Structures are given as C-alpha cells and as structure tokens.
Amino acid sequence: MTTTIIWTIVAITVLGVLLAVVLYLVATKFKVEEDPRIDEVEKVMPGANCGGCGFAGCRAFAQSCVESGNLDNNFCPVGGNEVMKKVAAVLGLEVHEKAPMVAVVRCNGSCANRPTVNDYDGIKSCKVKAALYSGDTGCSYGCLGCGDCVAACQFGAISMDPATGLPVVDEEKCTACGACVKACPKHIIELRFKGPKNRRVFVSCVNQDKGATARKACSAACIGCGKCAKECPFGAITVENNLAYIDFTKCKLCRKCVAVCPTGAIHDVNFPAPAPKPEAKPAPKPASAVKPAEEQKQEKPVAPKTAATDKKEE
Amino acid sequence: MNKLLVSPSPHIHTKTSTRSLMLDVVIALLPSVIVSILYYGWSAVVVLASSVVFCVLLEYLITKYLLKRPGTVGDLSAVVTGIILALNLPPTAPWWVAMIGAIVAIGVAKMTFGGLGQNVFNPAITGRVFLLISFPAIMTTWGGAKGFIGGVDAVSGATPLGIVKEGLMQGQTIDQIFAAHDFSYLQMLFVNIGGSAGEISALAVIIGFIYMLARRVIRPYITLSILLTVGVFSGIFWLVDPSQYTDPLFNLLTGGVLLGSVFMATDYVTSPMSDKGGIIFGVGIGIITMLIRYFGAYPEGMSFAILIMNSTVPLINKFCKQKKFGRA
Amino acid sequence: MKKTFSIGGVHPDDKKISAGCAIEVLPTPKTVYISMAQHLGAPAKPVVAAGDRVKTGQVIGEPSAFISAYVHSSVTGTVKSVAPYRDLAGNPVMHVEITVEPDEWAEGIDTTDTLVTEIPQDVRFIVDRIKNNGVVGLGGATFPTNVKLCPPPGKKADILILNGAECEPYLTSDYRIMLEKNGQIVVGAALMKHVLGVDRVVIGIEENKPEAIAKMKEAAASLAAGSSDYAGIEVMTLKKKYPQGGEKQLIDAVTHRQVKSMGLPIDVGAVVQNVATSLAVYEAVQKNKPLIDNTVTVTGECFPKQSNLLVRVGTPLSYIIEYLGGMPESAAKAISGGPMMGKAIANMDAATLKGTSSILFLTREQTKRNPETNCIRCGKCAEACPMGLEPFLLNKLARNNMYDELEQNAIQDCIECGCCLYSCPANIPLLDVIRIAKGEVIRIIRGRTAPKK
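Residue numbers (this note's numbering), protein chains in the order written: chain Y, 117 to 430; chain C, 5 to 332; chain V, 44 to 496.
If you're looking for bench data, these hints aren't it; they were derived computationally from the structure.
Just so you know, these numbers come straight off a predicted model, no measurement behind them.
The beta carbon of each residue, even a glycine, is placed where N, CA and C say it ideally should be.
It is possible that some hints are incorrect.
[Unchecked claim] Straight-line distance between alpha carbons at most 25 Å, and here's what the computed PhoX-like set of lysine-lysine pairs gives:
1. K240/Y - K411/V
2. K302/Y - K386/V
3. K327/C - K283/V
4. K327/C - K284/V
5. K280/C - K411/V
6. K240/Y - K386/V
7. K7/C - K332/Y
8. K325/C - K439/V
9. K386/V - K19/C
10. K303/V - K19/C
11. K325/C - K302/Y
12. K45/V - K327/C
13. K439/V - K298/Y
14. K327/C - K303/V
15. K19/C - K284/V
[What the hints assert, rightly or not] Examples of chain V residues toward chain Y, derived with CB under 8 Å:
16. P135
17. K411
18. R412
19. P414
20. P472
21. I479
[What the hints assert, rightly or not] Here are some, though not all, of the chain C residues that point toward chain Y, as calculated from beta-carbon distances under 10 Å:
22. K7
23. L8
24. P12
25. M103
26. L231
My request is simple: use the sequences and hints to build the entire structure.
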C-alpha cells in the first residue's frame, strides 16, 4: 500500500519534471523576437480594442507607433491627449495634441416633431431599413431609430431615448472612437469638438429636401433658409443643398445663429440656462441629445405644425 | 388612409412554426403513449404526468425567474421532452424519479446551454442516462404495474435484452435462452411486455414515424440509417455465430432502437442538418448501440450511442455540407 | 416526370385569383411621372425641359452609359417639371412630370393590331430597334435587353429560354399576355432567336397554367407552319415550384446546366428572357413602338376588384387604385411585384415603372411578421435554398460580420428568393440579414478583383 503511494508520487513527479523541461525547450526554441516597447506602449493604452484609431486593436496601434517612429498619423481617440502623452513619453516622441471630440447626433426628428407615415416590419437594423426604403417618416434623411449606433458603441455611451426614438450620447462615456459614425447608414452622427465646458452649437438636421418638403416631414427640420449663414460673424456656416452646416473649427459659440433659426434646428448644448436672448428662442424647442425626457412633454403643445400635418395625413 | 406596413421581402410566411412542429411530434408520440397507458395502467399515467408537468414547470420557472426572458413554454418543446422522458422510464418508477429526470433534462441539459436550439445533448436522453446511472435498480425494474387491458395484469421480469444478456453471461446459448423464454417477434411488434413505457410497442413507434414523415416534420435518413446499421451489424455477427449473437430482427424490435431512432436521434437541435450528415450520424449510433449490446456491460446502448453521437454533431455539420448550386 | 430545378425550392399557395380577368386598358391619368431610373444600370439623362411639348412615344431620356436605356414619354402632353420625385420606397429619384393631353403618337409608330410575322433579316436593325425603343427585361431585374442579346465576344449562346414560369403566387400578368398575345410573344421569341443565332427556343411554363401552355403551343405550331424562321420554338411544361422563374433555376430546369458561382447564363450558352420582354421586343421591332405600357396585375384577397390592366408607364399607383375603387380598409401592406420578391410600397403616390408587374394587397394576418425565436436547427432553410446554401449559418456569420467565412460559404450566390425566410419555423429574418451581408461580400470581392484586371 505504502509502496504504491510512493511509486505514484515518484512517477508523477518525474513526469512533471520531464514535461517542464520539454515546455522550456519549446518555449526557448520558438520564441518570437518582438520590440519590448510594444508591450510598454500597450500597457498605457486604454485596452478597449475599439478600433477607433484605425487599427485592429490596441496592440496593433502600439506596434504602429513603435514601428513608424513618429506619432503624426497615430492618435488614440479614446485615450485622447492624456494617453498620447504617455505613449510619447515611452517612445521619446513628440505628440500632436488634438482637441477632444464627441459624437453628435444631428437629427431632431423625434416622434413628436416627425410623425411616422408607415410601419416598418423588418428586422430592427438601420442598415437593413436604409437599404429597403427611405424610412417610416416623411423625412428620407433622418434617423431610422433602429439603434445600429447603440449596438456599435463599445463604451455604452449611446442609448435610445424611448420618448423621442432618437439616440442619446452620454458625453461622459463617449470616447469619440467613431464606431457609431461608421455604423449609421444615414450619416447623421458626426464627431465634433467637445468645446470649452462641453459647449457646442450645431445644426441638428441633415435633411436636404427643399424647405417646404422638409418642414412638412419634420417640424424641427433645417429648411435651408440661410438666415444663420447671414447672421454668423465668423463665416462658419454654409448652406448647401437646402441644408446649413456649422464648421466647428470656425464656430466661436456666439449663438447668434441659434436665435435666428426659424425651426429651432440649431442646437446649443451645455450653455447656462438663462440664454442671452430668451425671447428669440424658436417655437419647437430642441429635443436635444442631452436634455432629459421631461422636457419632451412640454414640447408637444408648442409644435402646432405637427398636429396639423397629423390631421392632414388622416 | 391607414399606415402601410413596410418590410423587406418575402412578404408571406409558411404556416409551419416551432410550435406546430412540436405539436406534430406530440401527435406522433400519442400511439406510444396510448399503448403504454393501456398496458401499464395508472402507474404509466403518473410517470407521464409528472414528467411532463415538471419539464414544463421547470422551463417556465427558469425562463421567468432565472433568465428573465420572455417565456418559451408555448413552443411545446418542453412537452415533447417530458413525453419522451416518460416513455424512457419504467412505468413503475416513482414520481420523484421523473422529477429528477426533468430537472436534469430541462434544467441541466437544455436551459444551461441557453434553451431550445442551443443545447448540445438531447435533454430527454441526458435525463434518462442520469437516472440510469443514479438509480439503476429503479430504472431496470419492470413489473407490478396493472394495465387497463384484460389478461395482462401484473407484468414482471426483465426486458428481452436483459434476459439475453444475463443468459449469455451464465454461459447459455441464444437458442437456449429463446427456448426458455418463448420470445415471439409478432408480440414484439405489437406489445412487447417488459421495457420502458415507449419501448413496448414497435408498431406504435412506426405509426408515429410515418405520421412525422407525412407531415414533413423530419426526413427519414437518420432513422433509416440507424435501423439499417443495426440490422447489418447484428446480421454479420449473427451469421458468424448465431449461438452468441442475437439476430437482426430481434435487435431491431427490442429495446430502445426504434423509439430512439424515430424520436430521439431525429431531434432537430442535436442532430446534423444535412441528409449526408444525418446518415453518418445514424451509422455511428447504430454501430455504438450494437457494440454496447454485444460487448458492453449494459444490455441496451441506444441512449449512450445517441449521446456520444450528439457530441459529434458540430463536427459533422462542419464537414457535411449539401451540394451548392453551380459548384463542383 | 416534369422538369424542374434540382436543389431546394418551396411551394407557397398559388392564389392566382386574378387569372380569369382579361387585360383591360387603363385610361390615362391627368399627370404622369416618368422615372429616369427604370432599368438596371445608370439612370437615363433627361433630354426635355419644363414647358416642352412631347408626343406619345417620344424620347425623353437618353442612356448615360453602356448599361442604361432610353426612356420614352408614355403620353402626349406638356412637361411640367424635371425634378426629383419620390419612388415607391420614398427615395427621391429624377422624374419627368407630364400633364396629359389626348394621345398623339410620335412618327413611325405602328399602332394597329395586325400581327407582323415577317422577321427582318438584319440583326443590327433588330438590336437597334430594341435599344432605341427602350426595351428592358420585364422579369424583375429590368436589365437592358439589347445588352443581354449581344453576348461579349468569345461567348456564344445555343439556347434561348423564354420565362413563362410566373412562379410567384398571385401574379397573373404574364399568364394573361400568354393567353391574349401569344402570337406576338412567339414572334418576339423568333426575333431574339435570330439575333442570338440559336437553333432552339424553349418557352418554360409551369404546369398550373394549362391554358397558357395550350395557347402558346398552338401559336408556336401555327407560326412554324408558315415560315422556317419559327422552327425550333417549343413549349416546355415545368413542375410547379418556387423559384422556377429565377434565371439560374430556369436554365437548370430546362437544360440541366448550372451557372457557376458569380457567372452569367451566357457562360453555359443560355439566354433567358421573360415572356413580357418578348412581347415588348415584338412591339419594338415589328411596330417600332417604344416600351411605354405594360400589363399590371392588381390583386389580393382583400382587394375587391381583381384586375389585369394595361398601364402607361408613369401612372401614379394611387390613380390605379382609385380607378379600381380605392384601397380596402383591411389592406395592411401594398407590394409591387409578387409576395416572395416584390418590394413593399411605402409611397402610394409613386408612379409605375416599365418593370412594374403587379400591385398586391395583403392583410395584416397574411403578412405581419411574428417575433423571432431561437433557431431550432431544423435545417428547413437549407432544405429550401435553391442555391444549396445554409442560411442559418450565413445568418450567424453575418451577425458577427465574419466576411471571410461568409464568402467561403458562398453568400455571394444568394439570389434573394426569400425561400429561407419563408420556411423558417422560428421566424428568423434570415434574408434581411443575409441580403445586407451579401452586398458587403460582393463589394469586397469586386474590390479585390478589380485592380488586378
């Protein structure tokens, strides 16, 4: 009995030692030589492997940083300047700082602003819906509301607001990796400067229809009237194909455009509550990305156009 | 004008649903159920009822409270599992054995993998095998049940396969065993007393098979390849030495070969998708069954054979693809 | 044993409830909207401007590329605008809007009903007439017919197949023209036979249309008796199975040749044309009449007035529906085309196109999709797939964006017939997912092969 136990222990130990030797030999023989700095760079990366930098993952990005010898074309949007400084420190390179960006949803076609004209009955996917037809509202440019952007976001920064049917970006969580921008078949989401104190002004509409058509489909649509472009002292606003666009590199956040917009298509976010010219606020208040759901309720009565179109449809 | 529905094509759908398919399987199982109740009486009803009730109840509780998903009881797959499990139990088994079988079948073999469609092993067989290993005495005792049909009260004794196995171990030849027990193939076809509830009537199972074929619920390849393999394999051994190996007809009609090949091996989830894969799957089950019957410790090997082949299904699916249009 | 294609297929209910309705001419509406994108390939370039007066059959759009087609005015009247107008999917497409006046035909068009049976011998003349009269394939894809009839150098057809299968449920427009215009169809077939230089023409018709088979056989026989130009035109009865009318499936059914993956029918020496295209070819060549009208089936159990109408291209759908008494309350979905491959109509104000074959109304019960449940791995989708693919696998791969594996599993061969989604007992939207992934894979394949050439 005792001998059996002893023999078993001996046999197992010998086997273990033998296998350890084999493993050691294999490991040394097939060792892959790699620049140790890749590991170091990878350590300071966020490790989300989101692909926002254009590489397959954080390791691929680190490899590119090490191999290219400069950081001109490499930027981690998730880690931002903080991480890039660390990467630069590891590699002894210079970093090109970038202004922090955030994903911005440029559609305000909420259920109240933009009534549906048919019922979609396919798989819940914007990609499929966009390939099939113009969408279940009168606007053929706006948000389809199936949440491809939500599925694409690896940081849980986008969610669908059930009240508006539109995606909402959580600025705290958004890393500006751009996954949602790529996922949106209607090209509604754009990466824009996060802005000082997170303040931004943007046109929350991508409709290129003529003013009347756009307005009929959605009461919060940009009608391309051009008032904002005339008002802008910095030449940041251009109107093309019946649609205004604010160049965020030129915009100085003066908000003159917000005041003149007749449909409230221009949104200003994170500005202090008492706006400089509150009386100039346009009728349908923006159901903006950062506004809580309670405000939606107040909206409905101040959107008479919507009610009118509703009746016409029936 | 009313709002139009818009969706990608196609715009119509077949009437067949998961639920209707499962309902067809339940209907196909009815002849076997009726025969077992007629011959084993109230005890068969108790086993059947407890097995079905616990299977359905467990699936309901797990989806509702554990997974917090919409209920899937409506697809009737738990009912099918419950009936098949009951048909695999001795009719004299107590209700709590059926309950434990249901817990293993639904709780372990099915829901832990994610529910219907996700499981690797056939739930009912997993439950049965668990019981067979855990409660060998209960699972191999047939008898004491009183049937509804006159004349056949109080059946007792082992299954034909068990009798043969025992006899062979005691050094008897097949002829001696057969002579001693008066086996009749005709009896096996109609009512083969001794065996689990679903094994007693080959004819009832065959009726169910024909119904499922007619309703296009299953394709015949898996079942036929199992039966053919069992026949050929046992045929070869029988021709070599008829005194030690039972003949093909005996092997086809006794035990769980028919029940297993018709209702258990053909389970969609745990069998290969393609016809070619199904044939390989069936041949494997046939060979393993016969190896266990002839050389193993257990008199019957159908359940083990199906479980073993279940594990090969992903591999078979990967290598057996159907012919694609316009490709060599 | 009647012939059919070799792999897969499904058997949806026939429902040809409008089969008994003779073709009726729809009065022209007050305004027509003629799309510049009525064919596969590049949209036509409008050559008229607002205020121009146009005659019926006059060219209003010219081809802008090799694969493109002429567009003609289907009415006489004044051009009101040349601007984007919403198509049936609600997307803005360039349309010519014309205010209608009484018909005045453009010169050189024979508007009589006499059957011209003499086949012009000049191939160039026939092809030019087909091209100049804007004939496109009316079987669904609307591929320019003149391009299809001129195979690339080095490739030669040996058989022309006329598609009279009409395998989709409900549709009866092809059936009606085979009953009422069989002579014209056979002449059209002889014209295309002459262009292609083939000896054999097979008109494939499914067994559920015995009257059409008889009529077509009769027409082919009587014309063959009169001239050797009509030799070798035969009618073949096919078993009823969807998607028999798919180009690759029909070639397989008739000739037992299988077009290779990513290949064209001409690779196996076959050209397939729809019977309606054959009729259009006849009118274009023998009558010099452009493709400005086509037969449209308006049907559905919930629709009170089943009809087969001869409709001018560009007629608003809503006008047709109003003419027939308006849309029924119970109609939940309107479809342009058949229930298996047709497009759901989102905009009833959209206008008909050359390729519009039907307007089908389905009730909510008939068409509403049920919620998706777990795949039970029954393999019914793979059994149904006429291309021998495994939709359950493609669905899983596509949802995980595994494009290499999708290509290995031949997603690019999918013909989008809808058999998989139709037959799935778990209501999984297989084709919705596969269709998008297929587009992506084909884009990847093109991107890979293009620079090498």
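So, going through the hints one by one against the coordinates:
A threshold of 25 Å between alpha carbons decides the hint, and for K240/Y with K411/V the separation of about 14 Å falls inside it, so the pair holds. Proximity of K302/Y to K386/V is assessed by CA-CA distance (about 21 Å); at most 25 Å being required, the pair is judged to hold. Taking the CA atoms of K327/C and K283/V, the gap is near 22 Å; set against the 25 Å cutoff, the hint holds. Only pairs whose Cα atoms come within 25 Å are accepted, and K327/C paired with K284/V is accepted, the gap being roughly 19 Å.
Proposed proximity of K280/C and K411/V is contradicted: the alpha carbons are some 35 Å apart, above 25 Å. Annotation: proposed proximity of K240/Y to K386/V holds, straight-line Cα distance about 18 Å (limit 25 Å). Between K7/C and K332/Y the CA atoms are separated by roughly 17 Å; this keeps the pair inside 25 Å, and the hint holds. Of the pairs offered as hints, the one joining K325/C and K439/V holds, with about 16 Å between alpha carbons and a cut-off of 25 Å not exceeded.
Note on K386/V and K19/C: the hinted pairing holds, with a Cα-Cα distance of about 22 Å set against a maximum of 25 Å. Of the supplied pair hints, the one linking K303/V and K19/C is violated, its CA atoms being roughly 33 Å apart against a limit of 25 Å. Our distance criterion of 25 Å between C-alpha atoms is broken by K325/C and K302/Y, whose separation comes to about 38 Å. This hinted pair checks out: K45/V and K327/C have alpha carbons roughly 22 Å apart, not beyond 25 Å.
A C-alpha spacing of about 21 Å is found between K439/V and K298/Y, which places the hinted pair at or below 25 Å, so the restraint holds. Between K327/C and K303/V, the direct Cα distance comes to roughly 13 Å. Compliance with the 25 Å bound is thereby established for this hinted pair. For a cut-off of 25 Å, the pair hint linking K19/C to K284/V stands: about 17 Å separates their Cα positions. Taken as an interface hint, P135/V checks out: its beta carbon lies about 7 Å from the nearest beta carbon of chain Y, inside 8 Å.
A hinted interface residue such as K411/V counts as satisfied when its beta carbon comes closer than 8 Å to some beta carbon of chain Y; here the least separation is about 6 Å, so the hint holds. The interface hint given for R412/V is met, as the beta carbon of that residue sits about 6 Å from the closest beta carbon of chain Y, less than 8 Å. Interface hint at P414/V: violated, since its Cβ lies 11 Å from the closest Cβ of chain Y, which is beyond the 8 Å cut-off. Proximity of P472/V to chain Y holds as hinted, the smallest CB-CB distance being about 4 Å (cut-off 8 Å).
A cut of 8 Å between beta carbons decides the hint on I479/V: the least distance to chain Y is about 5 Å, and the hint holds. With a cut of 10 Å, the hint placing K7/C at the interface with chain Y holds, because the nearest CB-to-CB distance is about 5 Å. A hinted interface residue such as L8/C counts as satisfied when its beta carbon comes closer than 10 Å to some beta carbon of chain Y; here the least separation is about 5 Å, so the hint holds. The beta carbon of P12/C is positioned within 10 Å of a beta carbon in chain Y (closest approach about 5 Å), and the interface hint is therefore held.
For the restraint placing M103/C at the interface with chain Y, the shortest Cβ-Cβ distance is roughly 40 Å, beyond the 10 Å limit, so the hint is violated. Of the supplied interface hints, the one on L231/C is violated, with its beta-carbon coming no nearer than about 41 Å to a beta-carbon of chain Y, more than 10 Å.
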